[in-house]
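Protein chains: 2
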Amino acid sequence: MAMGENVKRQEILDVGTELIAMQGYNNTGIERILRQAGVPKGSFYHYFRSKEEFGLAVIDQFAEQYDQNLRSHLQDHSLPPLLRLRNYFEQALLHLSQCQFTKGCLVGNLGQELADQNERFRQRLEVIFQSWKDHFGTILIEAQERGDLSARHDPAMLAEFILASWEGAILRAKVMKSPQAIRTFIDTLFATVLTPP
Amino acid sequence: MAMGENVKRQEILDVGTELIAMQGYNNTGIERILRQAGVPKGSFYHYFRSKEEFGLAVIDQFAEQYDQNLRSHLQDHSLPPLLRLRNYFEQALLHLSQCQFTKGCLVGNLGQELADQNERFRQRLEVIFQSWKDHFGTILIEAQERGDLSARHDPAMLAEFILASWEGAILRAKVMKSPQAIRTFIDTLFATVLTPP
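Just so you know, the protein sequences line up as chains A and B, in that order.
By the working numbering, the letter at position 193 of the first sequence is numbered 193, and the numbering carries on one by one without gaps.
By the working numbering, the letter at position 145 of the second sequence is numbered 145, and the numbering carries on one by one without gaps.
Hints were generated in silico from the structure; no laboratory data involved.
Predicted, not measured: the structure shown is a model, and the values here were computed from it.
Heads up, some of the hints might be wrong.
Which copy is meant is left open, because identical chains are indistinguishable; a pair holds if it fits in one copy or across any two.
Claimed, not checked - When the alpha-carbon atoms are kept at most 30 Å apart in a straight line, the in silico DSS-like pairs for lysine-lysine are as follows: (1) Lys41 / Lys8; (2) Lys103 / Lys177; (3) Lys51 / Lys103; (4) Lys51 / Lys133; (5) Lys133 / Lys103; (6) Lys133 / Lys177.
Extracted from the complex, chain A is given alone in its bound form (with noise of 0.2 Å):
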């Protein structure tokens, strides 16, 4: 593709991602994409061979950005490992916060949406899932190599369990429009679950 084209395929992406993350990928029209976009009508399939494969395109594009954000927090050795857990839980409630919890985990919404209607996005969410499941589960074990937190826990059962509630806290706050369970979630699982020895 030529310099131009890159830059229109990119921009498509872009708006595709944001409208999806709010109003779902059944409810995301191509047209509303292109015109948003402002690429002719018609020339989406020059860009992508379906509306799967641009869905396919978006979740990619959005899992290796989201896998960056979640390195700098997690992989942040300056810090101990459970204040670096934190901070990226503080970092993300005031992200979503300042999006009025309209746009939720995109991951998330679209596992919910999709997970029965789509095989081949099923996989490819489960895989995320499974990526920043095993982020938790490093930091969790990091955080008993320290001292830091009881060594009686199985680091990946608590690291899927940590994935799971705090999926259900950005639901929540979603549904709430509110911070609350979101903030609930972090106090409780810093001061109730992830404890020292």
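Chain B: place on chain A using the hints.
Positioned in the frame of chain A, the structure of chain B alone reads:
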């Protein structure tokens, strides 16, 4: 309405609830519901003023039935409170497994899909979530009064944490197509959070 009409209305509601649980609200067409319910096309507006009114009736019926299910487990005073709560989660896990985690939680699904699209739905769903949270909170207070649960927890906060985590575990099970996240939620909750003083 005449007797037969009530039966028809009920049939439309029941079929609609199944379809909406499996494929979402926006994705469920009235025509498909009527066809599956064996009701003549065009008679929908005899029973419901609009698709929105129908959707709200689906939510109301589900909430009422689910409240009875919750009460039958959580208010069975022949068992200690935390065991009642555990039994509730265990039977829900069994139920979700039986349909291969396709339906998830209707209220969670619709919250995810509609919280930002329709304020009437969002408010109705939030009231249901709050009532579930209150059920959990009552159990936690009972457990504290019996000395089965540490008094340092704020029962309302802990109830919110449990509700969010539970919804998140159902979402994870749906995407994973496995009971693992719910198994992990139940085991971690009772081993780590809901512990004696």
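The hints, checked one at a time:
1. Lys41 / Lys8: within (13 Å within a copy, 44 Å between copies)
2. Lys103 / Lys177: Answer is both: 11 Å inside a copy and 24 Å across each meet the 30 Å cutoff.
3. Lys51 / Lys103: both (20 Å within a copy, 24 Å between copies)
4. Lys51 / Lys133: within (29 Å within a copy, 39 Å between copies)
5. Lys133 / Lys103: both (21 Å within a copy, 23 Å between copies)
6. Lys133 / Lys177: both (26 Å within a copy, 16 Å between copies)
Of the numbered hints given earlier, the model fails none.
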